[in-house]
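Novice: Read top to bottom, the protein sequences are chains A and B.
First residue of the first sequence? That's 9 in the working numbering, and the numbers climb one at a time after it.
First residue of the second sequence? That's 9 in the working numbering, and the numbers climb one at a time after it.
Calculated directly from the structure, the hints in this document are not laboratory data.
One or more of the hints may lead you astray.
Copies of the same chain look alike in the list, so a pair counts if it works inside one copy or between any two.
SDA-like, lysine to any residue: derived pairs with alpha carbons at most 20 Å apart [stated by the list, open to error]: (1) K266 / A323; (2) K284 / E57; (3) K284 / E24; (4) K91 / D224; (5) K82 / G63; (6) K152 / A252; (7) K284 / E27.
What you are looking at is a predicted structure, and each value in this text was computed from that prediction instead of being measured.
Number of protein chains: 2
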Amino acid sequence: MPVGTQATVKGIQPRELSEMGASIVLSNTYHLYLRPGDGLVARRGGLHEFMRWPGPLLTDSGGFQVFSLSEMRKIDDEGVTFKSHIDGSLHRFTPEKSIAVQENLGADIIMCFDECPPPTDREYVAESLVRTHAWARRCRNAHKRADQALFGIVQGGVFRDQREFSARIIMELDFPGYAIGGLAVGETKAEMYPVLEWMDDVLPRERPRYLMGVGDPRDLIRGVARGIDLFDCVLPTRLARHGAAFTRDGRINVTNAKYAEDDAPLDAECDCPTCKSFSRAYIRHLLQVGEMLGLTLMSAHNLRFLLNLMAGIRAAIFEHRFTNFATGWLARYERAEGVI
Amino acid sequence: MPVGTQATVKGIQPRELSEMGASIVLSNTYHLYLRPGDGLVARRGGLHEFMRWPGPLLTDSGGFQVFSLSEMRKIDDEGVTFKSHIDGSLHRFTPEKSIAVQENLGADIIMCFDECPPPTDREYVAESLVRTHAWARRCRNAHKRADQALFGIVQGGVFRDQREFSARIIMELDFPGYAIGGLAVGETKAEMYPVLEWMDDVLPRERPRYLMGVGDPRDLIRGVARGIDLFDCVLPTRLARHGAAFTRDGRINVTNAKYAEDDAPLDAECDCPTCKSFSRAYIRHLLQVGEMLGLTLMSAHNLRFLLNLMAGIRAAIFEHRFTNFATGWLARYERAEGVI
Chain A
9 MPVGTQATVK
19 GIQPRELSEM
29 GASIVLSNTY
39 HLYLRPGDGL
49 VARRGGLHEF
59 MRWPGPLLTD
69 SGGFQVFSLS
79 EMRKIDDEGV
89 TFKSHIDGSL
99 HRFTPEKSIA
109 VQENLGADII
119 MCFDECPPPT
129 DREYVAESLV
139 RTHAWARRCR
149 NAHKRADQAL
159 FGIVQGGVFR
169 DQREFSARII
179 MELDFPGYAI
189 GGLAVGETKA
199 EMYPVLEWMD
209 DVLPRERPRY
219 LMGVGDPRDL
229 IRGVARGIDL
239 FDCVLPTRLA
249 RHGAAFTRDG
259 RINVTNAKYA
269 EDDAPLDAEC
279 DCPTCKSFSR
289 AYIRHLLQVG
299 EMLGLTLMSA
309 HNLRFLLNLM
319 AGIRAAIFEH
329 RFTNFATGWL
339 ARYERAEGVI
Chain B
9 MPVGTQATVK
19 GIQPRELSEM
29 GASIVLSNTY
39 HLYLRPGDGL
49 VARRGGLHEF
59 MRWPGPLLTD
69 SGGFQVFSLS
79 EMRKIDDEGV
89 TFKSHIDGSL
99 HRFTPEKSIA
109 VQENLGADII
119 MCFDECPPPT
129 DREYVAESLV
139 RTHAWARRCR
149 NAHKRADQAL
159 FGIVQGGVFR
169 DQREFSARII
179 MELDFPGYAI
189 GGLAVGETKA
199 EMYPVLEWMD
209 DVLPRERPRY
219 LMGVGDPRDL
229 IRGVARGIDL
239 FDCVLPTRLA
249 RHGAAFTRDG
259 RINVTNAKYA
269 EDDAPLDAEC
279 DCPTCKSFSR
289 AYIRHLLQVG
299 EMLGLTLMSA
309 HNLRFLLNLM
319 AGIRAAIFEH
329 RFTNFATGWL
339 ARYERAEGVI
């Protein structure tokens with residue numbers, strides 16, 4: 009899922025998202041609640057209509073941003089009080105409030121309000137799970153819109169017993185989809201992958217599984233190998249801002265002087281509009297002089313790269329050759345033996 | 009002519025320029041000379057190829073930016089020494105250098121290197137004209153590329169005798185097109201329009217006339233009424249950055265609170281992609297939160313608005329109803345009696 013934090017995937021128009029094969033877009037409840045306000049979006053006919061994205065949308069619960077972006081947050085069992093990172097104004101999110109905001113925004117998939125604890129702090133994780141589970145139940149009860157799917161989120165840090173415990177509690181609430189939250193926030197890959205494997209054994213196979221906040225191409229492949237269906241990440245657009253482009257042979261940084269006179273596209277094998285038309289030399293120039301077209305072209309490429317990868321993964325799965333596909337893809341991308 | 013200062017019309021892709029009906033784009037020699045360098049552009053196959061704009065291009069001479077943007081410029085009869093506004097490095101432009109740079113860039117229309125004096129300073133204008141005329145002759149001699157049209161520039165401030173004198177000298181050099189320079193730089197409209205009228209009587213009717221740096225829709229109409237064929241201006245994209253959109257009923261500023269819940273397009277009569285899809289409320293949101301898509305959507309609209317206006321002017325001229333068209337258009341735009 010490309011990320012459209014503030015009701016826009018940075019620099020990309022909805023028609024471009026369609027053309028690049030985006031089938032669902034994520035938007036952030038915390039940001040939209042603050043600006044322009046979920047009530048305003050609801051009065052515009054909801055987020056699809058507001059941002060003119062006719063395809064599926066997912067909103068997060070706002071929890072992650074409340075904990076990571078806002079100032080002076082105060083958590084209690086009822087909810088979280090926080091100061092806006094924009095103007096310092098005071099706000100309060102509860103599970104019921106998060107669901108109400110997400111119902112106003114009107115995405116197709118919405119998420120339970122949860123706490124994302126430091127993943128390696130065993131005691132804090134245990135304490136936090138009690139809240140997250142109680143909040144999941146309250147979200148379930150608060151949610152009324154029949155045209156939205158409310159997904160549950162499994163927490164539990166990097167600890168097997170806590171993850172399995174969390175999965176059992178959340179699954180008892182019988183959500184139509186399950187997310188694995190609280191990862192990709194500082195723990196190592198060696199700590200992250202086992203969590204996915206434990207969850208692969210526990211979560212129901214017939215319901216979608218969503219690994220939140222993960223977007224490195226290697227993690228997409230390794231996540232799918234561990235049973236994940238859905239991902240979201242700001243990486244494609246954030247990398248674009250830093251001049252980094254995905255290629256089949258790994259990342260390159262186009263602002264590097266060696267690309268100043270390089271007439272090749274970002275990735276010779278890519279079929280995105282950026283690569284079909286523009287050279288590394290031109291994109292480098294745009295980035296060097298701070299022209300926003302540079303960000304647009306880079307983001308469009310990086311997004312298409314990941315969407316192409318996922319399409320390749322899907323095809324490989326259908327054709328029963330996923331392991332071969334994954335090993336070969338990783339070996340080339342990492343210029344090393346690819347280990348799924 | 010939409011302005012693509014740094015080899016890109018800010019936030020707009022070449023295919024969008026084509027779709028909005030742009031038939032020629034202007035780019036700035038001063039900026040491209042500094043970054044990425046005209047030699048680099050030449051080695052990429054020229055500016056058309058570099059920026060992937062297949063249509064006609066015009067480059068200015070760099071003179072205006074040398075005088076307005078650079079630091080510590082020093083003019084002598086040979087040329088101008090100046091410090092880059094980017095890194096303070098020292099550079100020198102002469103008529104020959106400007107032509108060489110423009111030949112490297114490879115636009116279809118290139119401009120003589122001239123000085124743009126304060127238009128109401130009679131003595132300085134007279135002194136400056138001597139240089140501008142000598143430089144025009146040197147540009148004519150230096151220019152070798154047969155696939156480029158070199159336009160002459162008439163200067164002379166707001167003074168009839170000096171303008172007519174300048175026109176005579178420049179016309180003696182027999183350029184395929186003539187520009188009126190040194191206007192829209194601080195003088196009043198009441199000072200500018202007479203200059204156009206004097207030039208309308210003097211410049212050859214069968215060659216294109218280009219009023220440099222003018223882009224307000226009222227000035228386009230009043231310029232055409234005074235014989236002008238070509239205009240360029242950063243106004244559509246600059247206004248976009250300030251939240252201002254052209255409409256048939258005058259400018260509006262979309263960041264104004266009254267548009268927060270306005271579901272109408274920027275201009276109900278506009279056929280641009282922005283107006284066909286997006287609401288004032290959404291665009292206002294994008295501008296409020298600093299999302300670059302806001303600038304792209306606003307710029308695309310403002311550019312299309314001016315291109316539509318010019319298309320309307322051309323149709324009216326062909327159908328011998330220009331005066332009616334112009335009067336009616338201005339009356340509505342200015343909500344007053346339109347005076348051409």
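Novice: Reference check for the pair K82 and G63, CA-CA at most 20 Å: within, between, both, or neither?
Specialist: neither (36 Å within a copy, 59 Å between copies)
Novice: At most 20 Å between CA atoms: does that hold for K284 and E27 within a copy, between copies, both, or neither?
Specialist: both (13 Å within a copy, 18 Å between copies)
Novice: From the Cα coordinates, with 20 Å as the cut-off, is the pair K284 and E24 best called within, between, both, or neither?
Specialist: both (14 Å within a copy, 16 Å between copies)
Novice: Have a look at K266 and A323 and pick one of within, between, both or neither, based on CA distance no larger than 20 Å.
Specialist: Neither way: K266 and A323 sit 36 Å apart in one copy and 50 Å across, limit 20 Å.
Novice: Can you give me the call for K91 and D224, within, between, both or neither, at a CA distance of at most 20 Å?
Specialist: Neither: 31 Å inside a copy, 44 Å across copies.
Novice: Within, between, both or neither: how does the pair K152, A252 come out at a Cα-Cα threshold of 20 Å?
Specialist: neither (42 Å within a copy, 41 Å between copies)
Novice: 20 Å Cα cut-off: does K284 pair with E57 within a copy, between copies, both or neither?
Specialist: between (31 Å within a copy, 13 Å between copies)
Violated hints, listed in ascending order, are 1, 4, 5 and 6; each of the other numbered hints is respected by the structure.
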